[in-house]
Amino acid sequence: MSLEIVVTPEGSVGKRIAIAGSLDSNTASQLQQTVDKEINDSTELTVLDFKDLDFLSSAGLRVIFKAKKIMDNNGGKFLLVNLQPQIKKVFEIIKALDGMNVFRNQDEMDEYLAAMQNRVKEGE
Amino acid sequence: MRRDETRQQLIVSNSRQASETLAGFLQQFAHAHGLDEETHHDLRLAMEEAFTNIVSYAYDTQDEHPVTIELTHSEQRLTVRFIDEGIAFNPLQDCINCMENNRHEHGGMGIHLIKSLTDEQEYKRIDDRNIFTLIKYYTQAKQRT
Numbered sequence: 000m001s002l003e004i005v006v007t008p009e010g011s012v013g014k015r016i017a018i019a020g021s022l023d024s025n026t027a028s029q030l031q032q033t034v035d036k037e038i039n040d041s042t043e044l045t046v047l048d049f050k051d052l053d054f055l056s057s058a059g060l061r062v063i064f065k066a067k068k069i070m071d072n073n074g075g076k077f078l079l080v081n082l083q084p085q086i087k088k089v090f091e092i093i094k095a096l097d098g099m100n101v102f103r104n105q106d107e108m109d110e111y112l113a114a115m116q117n118r119v120k121e122g123e
Numbered sequence: 000m001r002r003d004e005t006r007q008q009l010i011v012s013n014s015r016q017a018s019e020t021l022a023g024f025l026q027q028f029a030h031a032h033g034l035d036e037e038t039h040h041d042l043r044l045a046m047e048e049a050f051t052n053i054v055s056y057a058y059d060t061q062d063e064h065p066v067t068i069e070l071t072h073s074e075q076r077l078t079v080r081f082i083d084e085g086i087a088f089n090p091l092q093d094c095i096n097c098m099e100n101n102r103h104e105h106g107g108m109g110i111h112l113i114k115s116l117t118d119e120q121e122y123k124r125i126d127d128r129n130i131f132t133l134i135k136y137y138t139q140a141k142q143r144t
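One line per chain: the protein sequences are D and U, in this order. Per numbering that gives the first Met the number 0, the very first residue in the first sequence carries number 0; after that it's consecutive. Per numbering that gives the first Met the number 0, the very first residue in the second sequence carries number 0; after that it's consecutive.
Do not rely on the hints blindly, as some may be mistaken.
[Unchecked claim] Partner residues aside, some chain D positions facing chain U, computed with beta carbon under 8 Å: (1) Met0; (2) Asp23; (3) Asn25; (4) Ala58; (5) Leu60; (6) Gln85.
The set of hints was computed from the structure by calculation and includes no laboratory data. Where a beta carbon is used, it is the ideal one built from N, C-alpha and C, also for glycine.
All chains should be modelled from the sequences, with the hints used to inform the complete structure.
Written as structure tokens, this is what we have:
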């Protein structure tokens, strides 16, 4: 099983990393390379899109947690969206959904981002 | 082997790439026995984690070594057995307190997943071989009882 990664801009300040296929011990290094290249101290927003991800193992989870750590350390936002039930189950077993920003779908995430924007505009 | 059991065996080398062969082996087995998607996925992940453990810890050298995987189906349960001739390694012991410190970037997640996705786990060291067995009770069989 292979992993496909597509990186696109997310608004003006962020990156969307869409992953498809299988994120496992054979493919985790591919995502790690993408994270190393795309996420740095000045990244304000990273969206990890799981829409077409069918399989996730602990090797893949480790890369995701490392990416989250980078975003937490630089005060940026790290959002997960479109988790299929079997992927969500893996996160639930590891009890890793606490402290993660997870959105069921794009609409839910857009609402959150719009609310964030408004708060910034209002200067809160 | 009991009369109502069917068993299939696969021998692969201890390389990460072989996990794909393993997934294909399970898929055929799952199809032949009509496993539901969730049971299939749970087993696939548990097998991937157990196999990754063997690839990572069983041998000190880079040489290729065989790993035997047995899948057994009976009316009540599915059994996955991993057999390797590597150094003694009990993955279950490795898991004591594995998730307590919540440091997800470190080890322990794999065995925690295995324990959560299967109903029974057993490690034995017999004749210089590691034998790691996972049992998952098959939901449809459970409903019939």
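Quick rundown of the hints versus the structure:
1. With 8 Å as the threshold, the beta carbon of Met0(D) comes within range of chain U, its nearest partner Cβ sitting at about 6 Å, so the hint holds.
2. A hinted interface residue such as Asp23(D) counts as satisfied when its beta carbon comes closer than 8 Å to some beta carbon of chain U; here the least separation is about 6 Å, so the hint holds.
3. A distance limit of 8 Å between C-beta atoms decides the matter here; for Asn25(D) the minimum to chain U is near 5 Å, and the interface restraint holds.
4. Hint status for Ala58(D): holds, given a least beta-carbon distance of 7 Å to chain U, under 8 Å.
5. This hint holds: Leu60(D) has a C-beta 6 Å from the nearest C-beta of chain U, less than the 8 Å allowed.
6. Below 8 Å, beta-carbon pairs count as interface contacts, and Gln85(D) has one with chain U at about 5 Å; its hint therefore holds.
The structure shown violates none of the earlier numbered hints.
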